[in-house]
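These protein sequences, in sequence, are chains B and F. If you count by this note's numbering, then the first sequence holds residues 1223 to 1276, one letter each, in order. If you count by this note's numbering, then the second sequence holds residues 83 to 573, one letter each, in order.
Since the hints were made in silico from the structure, they are not lab data. Built from N, CA and C at the ideal position, the CB exists for glycine as well. Any given hint might turn out to be false.
Claimed, not checked - Each pair of labels, with its calculated beta carbon distance range:
#1 B:SER1273 / F:GLU186: 42 to 48 Å
#2 F:LYS173 / B:SER1273: 39 to 45 Å
#3 F:VAL313 / B:LYS1274: 18 to 24 Å
#4 B:LEU1269 / F:VAL313: 20 to 26 Å
#5 F:HIS488 / B:SER1273: 18 to 24 Å
#6 B:LEU1239 / F:GLY567: 47 to 53 Å
#7 F:GLY531 / B:ILE1259: 26 to 32 Å
#8 F:ASP386 / B:ASN1230: 55 to 61 Å
#9 F:VAL317 / B:LEU1239: 56 to 62 Å
#10 B:ILE1262 / F:THR511: 46 to 52 Å
Stated by the list, open to error - For lysine to aspartate or glutamate, the following EDC-like pairs were computed, each having C-alpha atoms within a straight-line distance of at most 20 Å:
#11 B:LYS1267 / F:GLU496
#12 B:LYS1274 / F:GLU496
#13 B:LYS1249 / F:GLU330
#14 B:LYS1234 / F:GLU325
#15 B:LYS1274 / F:GLU325
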Amino acid sequence: MAKKEEENFAKKDQFTLTMIPSGFARKMRTCVIWQFIRFIAINIKMLVVVSKSH
Amino acid sequence: MARLIVMGGGVSGHTAATFAKKWLGNEHEVVVVTPNSQWNWIPSNIWVGVGQMNKEDVVFPLAPVYEKAGIDYRQAKAISIHPYGNKQSDKEYITIEYTGQGKEGQTEELTYDYLINATGPKLNFDATPGLGDGKGQMGSNTVSVCTADHAVHANLELQQIFEKAKKGERQKILVGTGHGMCTCQGAAFEYIFNIEHEAKKAGVRDMLDIKWISNESFLGDFGMGGLHMKVGGYVVSSKLFAESLFSERDVPWLIGAHVSKVEKGKAHYELLDGTTGVEEFDFAMLIPPFAGVGFKAYDKEGEDMTDVIFAPNGFMKVDAKYDAGAYENWKASDWPRTYQNPTFKNMFACGIAFAPPHLISKPASSVNGTPINPTPPRTGMPSGIIGKAVAHSVCDMIKNGAENAHLHEASMAEMGAACVASAGKGLTTGTAAAMTVYPVVPDFEKYPGTGRDTDYTFGEIGLAGHWIKHILHHLFIYKAKLKPGWTLIPE
Ligand SMILES: Cc1cc2nc3c(=O)[nH]c(=O)nc-3n(C[C@H](O)[C@H](O)[C@H](O)COP(=O)(O)OP(=O)(O)OC[C@H]3O[C@@H](n4cnc5c(N)ncnc54)[C@H](O)[C@@H]3O)c2cc1C
């Protein structure tokens, strides 16, 4: 049986050659604890970019 | 006492005017001429366009803010620039036409010592027949999210589509760019995924065909020639990420497309390979191409000298290299650093109003010769940073004399941009693509390979981006209202 996260990728020819995020990767996008860590990391990166730009 | 006039009170002009006033104090005058009575945090229009925010959440009245700051606010459109004055006086001035403050339709001449043009884009709907109404405004065939009012209207139309879908009528949604020379693909990208997210929430996703149409030669170009990000030990093109995201959400794409005509329910297009076609829709949000707002400039005798100050696309000429020639010759150093007009040293442009030297993406045209390529984006962060740098230069010129002043620099080839494209608005649902790119304009001499610093060019999808988008919304409105500590919030 096709994994749920892979279903859409068979719907159009155009989609068949693209990267498919794994179920784990998709879960982590909405995992609050992991996203909190990423929130800190992204903010730091953005602040570095902002400071390099001024 | 010197007078600085800032034309345009949007992201860039508001930044320039408020910093200039702070630095100049009451010794000098800062005047803002802008036709709108309200300031709009444009990025959040996307949420208005899907009914997740009201217009009131994304705008606030300018008059009290300017009054508090001591800025002379004229709710008016600037019409023309007279850098040599007129037959009676050598003093440079602009003409304005009021749109509010009880003086609607009245014109006035305002003299200046320094002039900043921050008038952003003219939304050039009429460049595509059927996209505009033939009178310079948006037509009735499509919707837009470029202004808060457009976004309110877009949401009303979208809700009707959702209603029809709920009743079992299959609906087709088309989102993207409405011309071969558009920029701002990021806004359309954000809108399409917000629609997709809301459709799922409303339980109508299965009844909707959602399609992307754009002038990018590859998905994920965004008018910046794409970008490369470090992922899983590889440096990966934004093309791969964008294609993956579109596929995951079942959103097919039509790229390299110049929308040549729009009719009710139909978008006619030409592709890079020269073929033409028609895309049908029930609802379409197509970004219009941008142009300069169409100022005229006159010399002392009243003769038209617009082409001295403005490029043919209406944007103001600044210290860019406009004769760089073919793509192979393009360099990061072609991009302006000080945004000073080469002819008139007391005139600057910032934000979308300055004329870029050339595209950032590789130029492309169809086999029939139609140019189909994204024009360079000038997003919020660069617009704000440039506005501040230009204000700094003007303040130094006023305080130290034009000859001795240090001109501040803010090249887009040495500046990054942070962008967050949400998909949904909830704090625990939906996801956002958070991205930074450094520098905005690739520098292949400094960073051979991708043209960018891959340590600071990155993107990822997740809730964290959502939270950042929420914070940015509140932070930038707080800053624009000049609340305590506003200068500490970076552009
Ligand atoms: C839907 C949408 C979503 C976006 N999302 C993002 C995002 O998520 N992140 C991001 O970084 N950027 C985003 N952008 C881009 C961002 O909004 C622009 O980069 C920014 O607004 C440019 O600032 P500006 O001051 O040059 O122009 P504007 O903000 O457009 O300001 C121009 C001002 O000039 C005024 N004006 C016009 N004509 C005249 C005249 N004749 N005389 C005087 N004043 C005049 C206008 O009324 C306006 O107030 C988005 C854009 C859109 C349309």
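Against the structure, the hints:
no. : hint                             : in the structure
1   : B:SER1273 / F:GLU186: 42 to 48 Å : holds (44 Å)
2   : F:LYS173 / B:SER1273: 39 to 45 Å : holds (41 Å)
3   : F:VAL313 / B:LYS1274: 18 to 24 Å : holds (21 Å)
4   : B:LEU1269 / F:VAL313: 20 to 26 Å : holds (21 Å)
5   : F:HIS488 / B:SER1273: 18 to 24 Å : holds (20 Å)
6   : B:LEU1239 / F:GLY567: 47 to 53 Å : holds (50 Å)
7   : F:GLY531 / B:ILE1259: 26 to 32 Å : holds (30 Å)
8   : F:ASP386 / B:ASN1230: 55 to 61 Å : holds (56 Å)
9   : F:VAL317 / B:LEU1239: 56 to 62 Å : violated (19 Å)
10  : B:ILE1262 / F:THR511: 46 to 52 Å : violated (21 Å)
11  : B:LYS1267 / F:GLU496             : holds (16 Å)
12  : B:LYS1274 / F:GLU496             : holds (8 Å)
13  : B:LYS1249 / F:GLU330             : holds (14 Å)
14  : B:LYS1234 / F:GLU325             : holds (12 Å)
15  : B:LYS1274 / F:GLU325             : violated (30 Å)
The structure does not agree with the numbered hints 9, 10, 15 stated previously, though it agrees with the rest.
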